[in-house]
Every structure is written in structure tokens, then in C-alpha cells.
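Enquirer: Both chains come to you apart, so use the hints to assemble them.
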Amino acid sequence: GAVVSQHPSWVICKSGTSVKIECRSLDFQATTMFWYRQFPKQSLMLMATSNEGSKATYEQGVEKDKFLINHASLTLSTLTVTSAHPEDSSFYICSASSVRASGRGLATDTQYFGPGTRLTVL
Amino acid sequence: DQQVKQNSPSLSVQEGRISILNCDYTNSMFDYFLWYKKYPAEGPTFLISISSIKDKNEDGRFTVFLNKSAKHLSLHIVPSQPGDSAVYFCAASASGGGNKLTFGTGTQLKVEL
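Chains as they are written, first to last, in this note's numbering: chain A, 1 to 122; chain B, 123 to 235.
For reference, chain B alone in the conformation it holds in the complex (with noise of 0.2 angstroms):
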């Protein structure tokens, strides 16, 4: 049973472009969700993050927005640069985001020049 569905396995946008990475979750109990970012043979980096009482959170390039009645969140990149070539994780909590995460299955996400 997946909790959390990323949707899309890759995504590919211009550099200067908007990147829109989309997550969807089941379970009614989260209420912290975060993104992360992952190269090959690292750990996940943590990005960003939104507690449910927001719908909106907003760092440097990256934004989140949270959807609650949809169940729905994504994270808007803009400008797409090179470097954010990577795999996004969405993953949340009913707990905080120090505590159990359920993570999302990842986007590739490719910026071309």
C-alpha cells in the first residue's frame, strides 16, 4: 500500500524554466510532509518542508504548496538551474518530520540546457 505516490518517474524541463514536482498522499493522519533531493549513491538532502496547518512555504528557489482537501502537494523549482538534476523525494509524517517518514517513490528530475 503506497501512502505516498509520486506520479511521474521523470520529468524534464529547460534550464530558466519552472520545474513542478507533484505528490499525492492517502493517509488523513500526515500532517508534515518534506522534499528531498537525491543523487546516485547518496543520501537525500533535505530541501523544503510544509506542516499541514500551512498551504504554502516558500526557500530561495524552492516552493511548496499543500493541498489538504486534495491530498495533493508539489514543489515548484524556478529557475530551473543544471545542478537540480537529481531525484525528488516528497515524504511525510503524521508526527513532525523528525519522527517515522513515508517516502514517495521519486521523479527524476532532468534540467537541459
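Okay, chain A solo, but in the shape it has when bound (with noise of 0.2 angstroms):
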């Protein structure tokens, strides 16, 4: 199957302080990475796609200075919440997919997820 870790899984920082996220596909090449967040008993929400090597695509309302991505390789993606605040604080969950993948048993066209990182800004 295909496996997508991410690291930390949980993170405590102060407000003002900048921290990394980061995803990697174990098994496979992710021509794509997505970055969603999860508030509390809420849905999931797109921040931004990444394809490796070009700048990653943020969805409205994202502040890209604030959440950095960079895709610099087929298997790792890093989301780095910068100056973070309280209000940043939330589980962000990473997912990556691709078409390469039929080869061995995967759906081509899904999207596998990483447990997520619980980021909480004090």
C-alpha cells in the first residue's frame, strides 16, 4: 500500500516562533503533495498544492508568506508555519498522490494521506 509519514507528529512552540512540517511518501514517487488543516470537529481544508520542483498553488485565503512549501523532491514535501500565532494552532495533514503508482497495487487517481501534525502555538 502506499504509506506517507509525516514528521512531527505533534509540536508545541511559542507564539512568534517558525516551525517545519514534513511529508514523505515512503513507497512511491508523489508527483503531487497537498497541504490541508483540520480545526476541530471541522472538515478538511486545501491550504495549497504542491508539484515537485515549481512553486506550490495556494488556495484563496492562504497567506503564502506565512505557509512556506516547498516540494524539493518525488517524496518529500515541508510546510513551515512562519511567526506562528495561537490562531495558527490546528492538526495539518498532508497527502500526496500519484499517477506512477498503478504499478503496484495503488489507486491512480487517489490522494493517500499522512496522520497529520498537532501544532500548537502557546
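Please note: incorrect hints may appear among the correct ones.
Listed next, the in silico EDC-like pairs over lysine to aspartate or glutamate satisfying Cα-Cα at most 20 angstroms (straight line) [unchecked claim]:
#1 A:Lys-20 - B:Glu-164
#2 A:Lys-41 - B:Asp-123
#3 B:Lys-222 - A:Glu-52
#4 A:Lys-41 - A:Glu-87
#5 A:Lys-41 - B:Glu-164
With beta-carbon atoms standing in for the labels, derived distance ranges [stated by the list, open to error]:
#6 B:Ile-142 - A:Val-3: 24 to 32 angstroms
#7 A:Pro-40 - B:Gln-125: 33 to 41 angstroms
#8 B:Ile-175 - A:Lys-64: 48 to 56 angstroms
#9 A:Arg-118 - B:Pro-131: 20 to 28 angstroms
#10 A:Gly-53 - B:His-194: 33 to 41 angstroms
#11 A:Gln-42 - B:Ala-192: 24 to 32 angstroms
#12 A:Glu-59 - B:Asp-181: 28 to 36 angstroms
#13 A:Val-3 - B:Gly-138: 30 to 38 angstroms
#14 A:Lys-41 - B:Glu-234: 16 to 24 angstroms
Covered by chain B, per the in silico footprint, the following chain A stretches (three or more residues, Cβ under 8 angstroms) [said to hold, decoys possible]:
#15 40 to 54
#16 76 to 83
Rather than coming from a laboratory, the hints here were simulated on the basis of the structure.
By construction, the Cβ of each residue, glycine as well, lies at the ideal position given by its N, Cα and C atoms.
Expert: Printed below as a string of C-alpha cells:
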């Protein structure tokens, strides 16, 4: 199956600091990675879409200078929350998709999600 | 503007019975639909998907039905098991499941013994 990992699984930081979250596809190459956030008892909201080697596409209302996304390789994308504030506290989830996964029994037309990262900003 | 809606925030079903989770959408450009299962503090797990060219897709205990004219889809789980207790999200895409997904608000399913 397709495994997507995230690190760290949880992080607590002080207001004003920056936090980096890593998303890795462990057993397939992810041509596209997505970053979502989820507030308690709410749906997953897409923040941005990133393709390897190119700039991320941000959803309306998401500050690209605050949420820096880097997709340096086909297996790694990072989300950096810069100058974090308490309102940035949330559950951040990444997902990865690949059209080249079909040979190993993976659904080609779906996204595989990481386990999420709980960010708490004090 | 909630383009994908799950109007039932919770559902309780007895073990062995059928669970039916519903989802409605408003955007006629959506052509691919997915169901995910999610536990607290974990990422969603893919369950089953359906393309708009089909009206039914089945995988083991899970069947998804799509009614395009009504812009409605449903997930049937039969027989329901206690391990199915989780939050279920439907998601929709206008360009395949590997691209931008719009999620519904989720339905908490509880399967009771």
C-alpha cells in the first residue's frame, strides 16, 4: 500500500517562532502533494497544492508568506509555519498522489494521507 | 460556500446491520468522488471512489452509489462492524481523485454491539 509519513506528529511552540513539518511518501513517488488543515470537529480544508520542482499553488485566503511550502523531491514536501500565532494552532495533514503508482496495486486516482501533525502555539 | 455537504453529523447503527452515509454536492463540475475514514488525530484512510461515468462501485463490504442528477452519493457498509466506528468524509474533485479535493463536513459513525 501507499505510506505517507509526517514529522513531527505533534509540536508545541511559542508564539513568534517558526515550525517546519515534513511530509514524505515512503514507497512511491509523489508527483503532487497537498497540505490541509483541520480545526476541531470541522472538515479538512485544502491550503495548497505543490508539485515537485515548482512553486506551490495556494487556496484563496491562505497566506503564502506565512505558510511556506517546499517540494524539493518526489518524496518530500515541507510546510513551514512562519511566525506562528495561537490562531495557527490546528491539525495539519498532508497527502500525496501519483499517477505512476498503478503498477504496485495502488489506486492511481486518489490521494494518500499522512497521519497529521498537531500544532499548538502558546 | 460548502460545496460538499454531509447533513448527518452522526449515525448510530447496530453491528451486522447496514450503515448508509449520505453526501450531497452542488458543483456540477465535480466528476470524481471518494470516501475516507478518519480516526481522531490521524490522517484519513482511503476507502472507495467512484467516477461520474458510473453509478455504483463495490469493494467488499463497501459500496458507493452515485446519483448525478440529484448530485447525491451514498456509502453503504454491510455488514457494519464495531471497527467501522469512525468519522467518514466524502470528497469530490473536478479533475480526478489525485487532484484538488473538496471535503464534506464528515459523519461520525458509531457501530454498537
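Enquirer: So, for every hint listed, does it hold in this structure?
Expert: Hints and how they fare:
Annotation: proposed proximity of A:Lys-20 to B:Glu-164 holds, straight-line Cα distance about 19 angstroms (limit 20 angstroms). For the proposed pair A:Lys-41 and B:Asp-123, the alpha carbon gap of about 18 angstroms is at most 20 angstroms, so the pair holds. Proposed proximity of B:Lys-222 and A:Glu-52 is supported: the alpha carbons are some 16 angstroms apart, at most 20 angstroms. Restraint check: the Cα-Cα separation between A:Lys-41 and A:Glu-87 comes to about 16 angstroms, which is no more than 20 angstroms; the hinted pair holds.
Of the pairs offered as hints, the one joining A:Lys-41 and B:Glu-164 holds, with about 13 angstroms between alpha carbons and a cut-off of 20 angstroms not exceeded. At about 31 angstroms, the CB distance of B:Ile-142 to A:Val-3 agrees with the hint of 24 to 32 angstroms. Between A:Pro-40 and B:Gln-125, the C-beta spacing of about 22 angstroms breaks the proposed range 33 to 41 angstroms. The hinted range of 48 to 56 angstroms is not satisfied by B:Ile-175 and A:Lys-64, whose Cβ atoms lie roughly 36 angstroms apart.
Take A:Arg-118 and B:Pro-131: their Cβ atoms lie about 22 angstroms apart, and the range 20 to 28 angstroms holds. With their beta carbons about 39 angstroms apart, A:Gly-53 and B:His-194 fall inside the hinted range of 33 to 41 angstroms. Taking 24 to 32 angstroms as the suggested C-beta distance range, the pair A:Gln-42 and B:Ala-192 conforms, at roughly 26 angstroms. Here the CB-CB span from A:Glu-59 to B:Asp-181 is close to 30 angstroms, well matched to the stated 28 to 36 angstroms.
Distance hint for A:Val-3 and B:Gly-138: a CB-CB separation of about 32 angstroms, consistent with the stated range 30 to 38 angstroms. Taking 16 to 24 angstroms as the suggested C-beta distance range, the pair A:Lys-41 and B:Glu-234 conforms, at roughly 21 angstroms. Only residues whose C-beta sits within less than 8 angstroms of a C-beta in chain B count toward coverage, and the segment 40 to 54 of chain A has 6 of them, enough to reach three; the restraint holds. With 0 residues carrying a beta carbon less than 8 angstroms from a beta carbon of chain B, the segment 76 to 83 of chain A misses the three-residue requirement, and the given coverage is violated.
The structure is inconsistent with the numbered hints 7, 8, 16, although it conforms to all the rest.
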